[in-house]
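Engineer: Line order of the protein sequences matches chains W and U. Under this note's numbering, residues 1 to 228 are what the first sequence spells out, in order. Under this note's numbering, residues 1 to 286 are what the second sequence spells out, in order.
Hints in this document: simulated from the structure, not taken from any laboratory. We put the CB at the ideal spot given by N, CA and C, even for glycine. It cannot be assumed that every hint is accurate.
[To be verified] If you want the footprint, here are the derived chain W segments under chain U, 3+ residues with CB under 8 Å:
| hint | region |
| --- | --- |
| 1 | 43-53 |
| 2 | 140-153 |
[To be verified] So the derived list for chain U, only partly shown, Cβ under 7 Å to chain W, looks like this:
| hint | residue |
| --- | --- |
| 3 | 25 |
| 4 | 110 |
| 5 | 262 |
[Stated by the list, open to error] Taking CB as the label site, the calculated pair distances span:
| hint | chain 1 | residue 1 | chain 2 | residue 2 | range |
| --- | --- | --- | --- | --- | --- |
| 6 | U | 284 | W | 62 | 33 to 39 Å |
| 7 | U | 126 | W | 1 | 36 to 42 Å |
| 8 | W | 35 | U | 197 | 43 to 49 Å |
| 9 | W | 69 | U | 23 | 39 to 45 Å |
| 10 | W | 31 | U | 279 | 41 to 47 Å |
This is what each chain is made of:
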Amino acid sequence: MVVRPAGRHALLVELPDGERAGALHAELLRRRAAGTLPPVAEIVPGARTVLLDGVPDPEPLARQLADWDVPLTPPADGDVVTIPVVYDGPDLADVAALWGVAEDEVAALHSSYTYRVAFCGFAPGFGYLTGLPEHLHVPRRATPRTRVPAGAVALAGPYSAVYPRSTPGGWQIIGTMPDPTPLWDPAKERAALLTPGTLVRYLPLSRGSAPDPAPQSPEGLEGNGGTP
Amino acid sequence: MTTKLTVTRPGALTTIQDAGRQGHAHLGVPRSGALDAPAMRLANRLAGNPEGAAVLETTLTGCALRPDHPVTVVVGGAPCPVTVNGRPAPWGTPVRVPAGAVLDAGTATAGLRSYLAVAGGIAVEATLGSRATDLLSGLGPAPLATGTVLPVGPAPHSPALPAAAPWPAPPAELVLPVRLGPRTDWFTGAGLRTFLSATFTVSPHSNRIGLRTEGPSLKWKVETELPSEGMVLGAVQVPPDGRPVVFLHDHPTTGGYPVIAVVAEEALAAAAQAVPGTPVRFTTGR
């Protein structure tokens, strides 16, 4: 663990990998909930870092952090959010080729893993989901699209994501979440569906079906279920 | 009876701002809020408002409004000519605007961003605890357009203060005190020396997201990708072209370019008022 200053009131804690960054993030939330963390305005996880911003006096916290024993517990017991997906994306064939599978096998493969929201960024409610094994990582598109529609389910590098709103983007689009509105709704208590640490499963829907488009909330499905 | 303001001239870019929305960075929500926060607070105090009441933030060319009931307005921040129905009115102190009259805050004579505090505050609906327009992610109300109607909150209990207050002059040269890190080790020794000794200038491509600079290019030591990490207000991010960008209030919450240093927050008000072409220096000295 390397603790780096980020101005006078923030610390950037760097971990060897994303798994350990996720564990530290979980530990920080536990300590904040228990009231044992000094005041911190923002706890922002990154790919392998956690930023602690708005810390009135960061020096003592920086010294403490070095001595923390952070358990590396597998994220198996959390609630799971289910994202329904119609696998109809424009890059489905390219991704199938990169994976060395038939186009109609992408859905089963992509939805066979449990993902975890490593961090958010890019746009409100845009979560970077890890969990895809390394041999299924794909590069970004050589030419980004000027418009990726809201609900697009896409891949890039180690990440999988669902676009909460229409933006430009360079990720490989493999599918569509039929109703993306729950991904980001600032009027709700839980404004973002995919918050850091949340576990996610993708649920394949058949093309042109009229499915129940509502994603199931955390209290919904159990984790580690089989492929639906 | 709610007082309403109708925008008769929106200016180049006028947004609603307050103290911003904090505590949501982990969801990808920028903090937003007035770029020249001390100017917003002073304008609000003079108008009798709480310091963080929602105000209008203009960009260079001001804006004009017509209230449907009499209101008190303070125009502060970047100095500019103020008129009510075409007649000169004072800047930096409360002005009474009669019902149906047009208050015009003109083009800034120095600096960039003027603040219009209306007694009662701009009472648009809040999103995640703030009324601020966030130009990066589109949260909050859209920038003002001709004909936009803005509700004003109930008149404050504390009276407007007529006393003259000291408004800092916009900077002729922007000296930004920094603390090095978190990614200073991404830069060559020569790059770091350049950062702390060269004079940059404010780029015309600056906006509420970042103050962009023109001038020397800072070389990275390594040509690899930095995995996305959290970004703080005032972060000096150096993209591959080597030209430092100082993150302002609408900055992205995570980013993948190294941050060589972080500007002290109290220096950012001056950064918000620095017009394109203003010389910029970064210093670790006090």
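Engineer: Is 33 to 39 Å a correct range for the gap between the Cβ atoms of residue 284/U and residue 62/W?
Structural biologist: With Cβ atoms ~19 Å apart, the hint is violated.
Engineer: Is it true that residue 69/W and residue 23/U lie within 39 to 45 Å of each other by Cβ?
Structural biologist: The hint (39 to 45 Å, Cβ to Cβ) is violated, given that residue 69/W and residue 23/U are roughly 28 Å apart.
Engineer: Taking the beta carbons of residue 126/U and residue 1/W, is their distance inside 36 to 42 Å?
Structural biologist: Roughly 38 Å apart at Cβ, these two residues keep to the hinted range, so it holds.
Engineer: For the range 41 to 47 Å, tell me whether the beta carbons of residue 31/W and residue 279/U fit it or not.
Structural biologist: Hint holds: Cβ distance 45 Å, inside 41 to 47 Å.
Engineer: Holds or violated: is there a CB of chain W closer than 7 Å to the CB of residue 262/U?
Structural biologist: At 3 Å from the nearest chain W Cβ, residue 262/U passes the 7 Å test, so the hint holds.
Engineer: Against chain W, run the beta carbon of residue 25/U and see if the smallest gap drops under 7 Å.
Structural biologist: Holds, about 4 Å.
Engineer: Note whether the CB distance of residue 35/W and residue 197/U lies within 43 to 49 Å or breaks it.
Structural biologist: holds (46 Å)
Engineer: Three residues or more, CB to CB closer than 8 Å: is that satisfied between the region 43-53 of chain W and chain U?
Structural biologist: holds (count 10)
Engineer: Report holds or violated for chain U covering the region 140-153 of chain W, Cβ cut-off 8 Å, minimum 3 residues.
Structural biologist: Violated: only 0 residues of the region 140-153 of chain W have a Cβ under 8 Å from chain U.
Engineer: Against chain W, with CB atoms and a cut of 7 Å, does the hint on residue 110/U hold up?
Structural biologist: Hint on residue 110/U: violated, closest Cβ of chain W at ~28 Å, above 7 Å.
Violation of the numbered hints given earlier is confined to hints 2, 4, 6, 9; the remaining hints are satisfied by the structure.
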